[in-house]
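Top line first, the protein sequences correspond to chains A and B.
If you read the first sequence in our numbering, its first letter stands for residue 1, the second for the next number, and so on.
If you read the second sequence in our numbering, its first letter stands for residue 1, the second for the next number, and so on.
The set of hints was computed from the structure by calculation and includes no laboratory data.
Among these hints, one or two may not hold up.
What the hints assert, rightly or not - Here are some chain B residues the structure puts well away from chain A; computed CB gaps all over 12 Å:
#1 Lys64
#2 Phe218
#3 Thr280
#4 Ser281
#5 Gly284
#6 Gly301
#7 Pro328
#8 Ile366
#9 Ile399
#10 Lys409
#11 Gly438
#12 Arg463
#13 Ile469
#14 Lys476
To be verified - No more than 30 Å apart at the CA atoms, straight line, and that leaves these computed lysine-lysine pairs for DSBU-like:
#15 B:Lys134 / B:Lys287
#16 B:Lys392 / A:Lys100
#17 B:Lys374 / A:Lys108
#18 B:Lys447 / A:Lys100
#19 A:Lys273 / B:Lys233
#20 B:Lys180 / B:Lys85
#21 B:Lys370 / B:Lys233
#22 A:Lys108 / B:Lys387
#23 B:Lys447 / B:Lys85
Yeah, the Cβ is synthetic: ideal placement off N, Cα and C, and Gly gets one too.
Here are the chains, one letter per residue:
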Amino acid sequence: MRERDLVIVGGGPAGMAAAISAHENGVKDILLLERDQYLGGILNQCVHTGFGIEYFKEVLTGPEYAERFVKKVRDIPSIEISLRSFVVRLSRDRVLTYLKPGILETIKAKAVIMATGCREKTREMVHIPGTRPAGIFSAGLAQKLINVEGLLPGKEVVVVGSGDIGLIMARRFTLEGAKVKAVIEIQAETRGLIRNVVQCVEDFDIPLYFNHKISRIYGSDRVEKVHVVRVDKDHNEISGSGFDITCDTVLLSVGLIPENELIEMAGAELDRKTNSPVSDGLNKTSIPGIFACGNSFKVYDIADSVTRDSELAGKLAAEYIRGL
Amino acid sequence: MNVYDIAIIGGGVVGTAIARELARYRLRVALLEKETELAFGVSKSNSGIIHPGTSNPPGSLKAKLCVEGNRLTRKIAKELGIDVKEVGELIVAFSEEDLARLHEIKKDGEALGVPGLKIVDRAWLDKHEPNLSKEVIAALYAPTGAIISPYRWVYDFAENAARNGVEIFTDTKVESIIRKDHGFELIAGARTFKARRVINAAGLYADEVCGMVGIRDFKITPRKGEEFLLDKKRENITNHLIFPIHTKTSKGMLVIKTSDGNPMIGPTAEDISDKEDLSTSREGFEKVLSSVKRLVPSINGDDVIAYFAGLRPVAGDDFIIRHEDKAPGFITVAGIQSPGLTSAPAIALYVVGILKKSGLRLKKKIFFHKHRKKEVHLFAIPLDATKKLIEKDASYGDIVCRCEMVSAKEVRDAIKRGARTMDGIKFRTRCQSGRCHGSFCTTRVMKILAEETGAPVTSVTKRGCGSEIVKEDRSK
Numbered sequence: 001m002r003e004r005d006l007v008i009v010g011g012g013p014a015g016m017a018a019a020i021s022a023h024e025n026g027v028k029d030i031l032l033l034e035r036d037q038y039l040g041g042i043l044n045q046c047v048h049t050g051f052g053i054e055y056f057k058e059v060l061t062g063p064e065y066a067e068r069f070v071k072k073v074r075d076i077p078s079i080e081i082s083l084r085s086f087v088v089r090l091s092r093d094r095v096l097t098y099l100k101p102g103i104l105e106t107i108k109a110k111a112v113i114m115a116t117g118c119r120e121k122t123r124e125m126v127h128i129p130g131t132r133p134a135g136i137f138s139a140g141l142a143q144k145l146i147n148v149e150g151l152l153p154g155k156e157v158v159v160v161g162s163g164d165i166g167l168i169m170a171r172r173f174t175l176e177g178a179k180v181k182a183v184i185e186i187q188a189e190t191r192g193l194i195r196n197v198v199q200c201v202e203d204f205d206i207p208l209y210f211n212h213k214i215s216r217i218y219g220s221d222r223v224e225k226v227h228v229v230r231v232d233k234d235h236n237e238i239s240g241s242g243f244d245i246t247c248d249t250v251l252l253s254v255g256l257i258p259e260n261e262l263i264e265m266a267g268a269e270l271d272r273k274t275n276s277p278v279s280d281g282l283n284k285t286s287i288p289g290i291f292a293c294g295n296s297f298k299v300y301d302i303a304d305s306v307t308r309d310s311e312l313a314g315k316l317a318a319e320y321i322r323g324l
Numbered sequence: 001m002n003v004y005d006i007a008i009i010g011g012g013v014v015g016t017a018i019a020r021e022l023a024r025y026r027l028r029v030a031l032l033e034k035e036t037e038l039a040f041g042v043s044k045s046n047s048g049i050i051h052p053g054t055s056n057p058p059g060s061l062k063a064k065l066c067v068e069g070n071r072l073t074r075k076i077a078k079e080l081g082i083d084v085k086e087v088g089e090l091i092v093a094f095s096e097e098d099l100a101r102l103h104e105i106k107k108d109g110e111a112l113g114v115p116g117l118k119i120v121d122r123a124w125l126d127k128h129e130p131n132l133s134k135e136v137i138a139a140l141y142a143p144t145g146a147i148i149s150p151y152r153w154v155y156d157f158a159e160n161a162a163r164n165g166v167e168i169f170t171d172t173k174v175e176s177i178i179r180k181d182h183g184f185e186l187i188a189g190a191r192t193f194k195a196r197r198v199i200n201a202a203g204l205y206a207d208e209v210c211g212m213v214g215i216r217d218f219k220i221t222p223r224k225g226e227e228f229l230l231d232k233k234r235e236n237i238t239n240h241l242i243f244p245i246h247t248k249t250s251k252g253m254l255v256i257k258t259s260d261g262n263p264m265i266g267p268t269a270e271d272i273s274d275k276e277d278l279s280t281s282r283e284g285f286e287k288v289l290s291s292v293k294r295l296v297p298s299i300n301g302d303d304v305i306a307y308f309a310g311l312r313p314v315a316g317d318d319f320i321i322r323h324e325d326k327a328p329g330f331i332t333v334a335g336i337q338s339p340g341l342t343s344a345p346a347i348a349l350y351v352v353g354i355l356k357k358s359g360l361r362l363k364k365k366i367f368f369h370k371h372r373k374k375e376v377h378l379f380a381i382p383l384d385a386t387k388k389l390i391e392k393d394a395s396y397g398d399i400v401c402r403c404e405m406v407s408a409k410e411v412r413d414a415i416k417r418g419a420r421t422m423d424g425i426k427f428r429t430r431c432q433s434g435r436c437h438g439s440f441c442t443t444r445v446m447k448i449l450a451e452e453t454g455a456p457v458t459s460v461t462k463r464g465c466g467s468e469i470v471k472e473d474r475s476k
């Protein structure tokens, strides 16, 4: 079994920042595993601006923000980048197995940094009853379809939840000529950034309903309409308040969950509610030598904070390796 | 126009099991399915339980065919390369009165020929089913209760039937049947199929298909069942299938193990009128959750990752399987609700018997390919086996679905074996059925499907025409 000093799982903003920082803190042998065919992670589908304001004091798009780190990572010889590499096993003693086309490799690492990001909550997790037709997407999937694949998922859209991706996608659909009929938020205020409410929804006259929820989805083959109801402060439906909105698409933007199935497999303790690692400090897990950073450690509002905090993970891993 | 010896209407587990059985003989057989893929009707929402055969009324077709089907399922599953997981079943008792009922169920089951039944006590349960409610005082253990993937079972039957010459037509909805001297003409859109004999295995629509030849003595009532799947992480929340004592209309709400690991809870049982109503409800969820929490208190609603509703085709208390003397050559196989999946292989044999009795001469083919090559599922094999596969074919290392560990190779193979829709790929490979529900892999799967079928990506559907995933391609 091959031994490596540091293995970083995930080549998005968190993994890249951790890799650069580990190098700067003296780690000589770094393997960066990325599932996709390019580095950058979700940044690649975030074609809107707003990245880099804090970190670079500049306004960048997601791909531009990513590119700055990709260049840096590629220029550091001690970082080996392995793309299309999918980790399937991780153990407590930092033995890790990954697949890539043509290869199954098992390696032992002195330290591991998990930078696996997060996934979106699904319609099922918020228990929206009704039928299960085509036309129900997580906001992130819709974003990928439009921005990366050039495919328009729908023409009459209702967005559930006012998370940032949902707000950004409300604008994106509108710019693509689709009609965004409503953003429905169960809480009394937005879950996203105020700037996104203003720039993505208000500026486009998209109706934003607070204290409302979708109580049912209709349609047999494709979404046909949704039923919307007002809710009280305990989120109970207020009877008589319901109305229908016809649409062919429902986008879900109802929260993110850190992807921590691998460290869970390794035996790390997770918070049952948030799926974040139980930790006694930023970027640490309950297993010594296994670190987590970025959205897999906790869900961040902006990429700049992910970069800033993930640099600490590189430093922690370097210190851990030195102390062995 | 060629005349088929037999046309089967309906490509669910019953229709495909019959097709595979008939494929042994020198017959020209067509199977007609109205949906874009097989198993898209009643079968896709089946719980996947191979019932041991208790709890069916003595003397009924259900009672006879379930016990026989349970035995046949194992034999045929081996031939077709599909796993039957021997988990066993527990029917639980909360009171002395319940326990007395279990003794009756045991006695009735034994009379029907159900093997291995035994009453197990609290100490046994503590050891073998530790998460079971402490209020359970005893249970009836049925070792032949097992699980299978219901849709893969259908696809395996169909694939093997097709290999042995059965012609399968999807997107082929029979709209009317004309009786002729030679038999029947089945009109399906622009196509007409001539057949000497017809087998009606049309599930929810069996009554309407019977109506096409003037038989109107039964009605199919859809009985809706809502089911909720939990995260695979909770796979071992139970070791057995857990049943309460059944009622007249249903086997009650269960804690089900499924062949791919995710525990499932449900189903509800509600008679409705709309044969297309597959909606789930909040009430259904709450009802299921509170019922199964009584069996296994540690089940947590937050672990639900998917839900769906299915419709059982109910035609009275028993199956209806008969030759229609009023329409000679027409065989009805209707009302195949639970335990229909278990019974399917026995139903197929029973139908062959009816055909024989009706005067059909059955001559075996010289060679019948009874085996089917088992397909690969990376999630189900150890890593060293995966390593060997990747070395043979690099694309096993190209992971498409991260939650369920499905490779590009498996997706392509599923399409080669007949998958034409996103749901068809999901049912065959598990791609998109994990905790992210397709958020990460949908675009990749769509592209592979378009590539393999040579169709534009905009034509990719969830489950057939009208359910296209995207509206427009703006990349060109």
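Hint consistency between Lys370 of chain B and Lys233 of chain B [alpha-carbon to alpha-carbon, up to 30 Å]: The given pair, whose Cα atoms are some 36 Å apart, is violated under the 30 Å limit.
Restraint check for Lys374 of chain B with Lys108 of chain A, where alpha carbons must lie at most 30 Å apart: Cα-Cα ~34 Å, so violated.
Verdict on Pro328 of chain B as a residue remote from chain A, using beta-carbon distances over 12 Å: Fine: 37 Å to the nearest Cβ keeps Pro328 of chain B off the interface.
Restraint status (C-alpha distance of Lys392 of chain B to Lys100 of chain A at most 30 Å): holds (13 Å)
Lys134 of chain B paired with Lys287 of chain B [C-alpha distance capped at 30 Å]: holds (21 Å)
Status of the stated non-contact between Phe218 of chain B and chain A (beta carbon gap over 12 Å): holds (26 Å)
Minimum Cβ distance from Ile366 of chain B to chain A greater than 12 Å, as the annotation requires: holds (43 Å)
Check on Arg463 of chain B being off the interface with chain A, judged by Cβ distance over 12 Å: violated (7 Å)
Check on Gly284 of chain B being off the interface with chain A, judged by Cβ distance over 12 Å: Check fails; 8 Å does not lie beyond 12 Å.
Given hint Lys85 of chain B paired with Lys447 of chain B - CA-CA distance at most 30 Å: With Cα atoms ~34 Å apart, Lys447 of chain B and Lys85 of chain B exceed 30 Å; violated.
30 Å limit on alpha-carbon distance, applied to hinted pair Lys180 of chain B and Lys85 of chain B: Given that 30 Å is the threshold and the Cα spacing comes to 47 Å, the pair is violated.
Outside-interface status for Gly301 of chain B - nearest CB in chain A farther than 12 Å: violated (8 Å)
Violated hints, in rising order: 3, 4, 5, 6, 9, 10, 11, 12, 13, 14, 17, 20, 21 and 23; the structure is consistent with all others.
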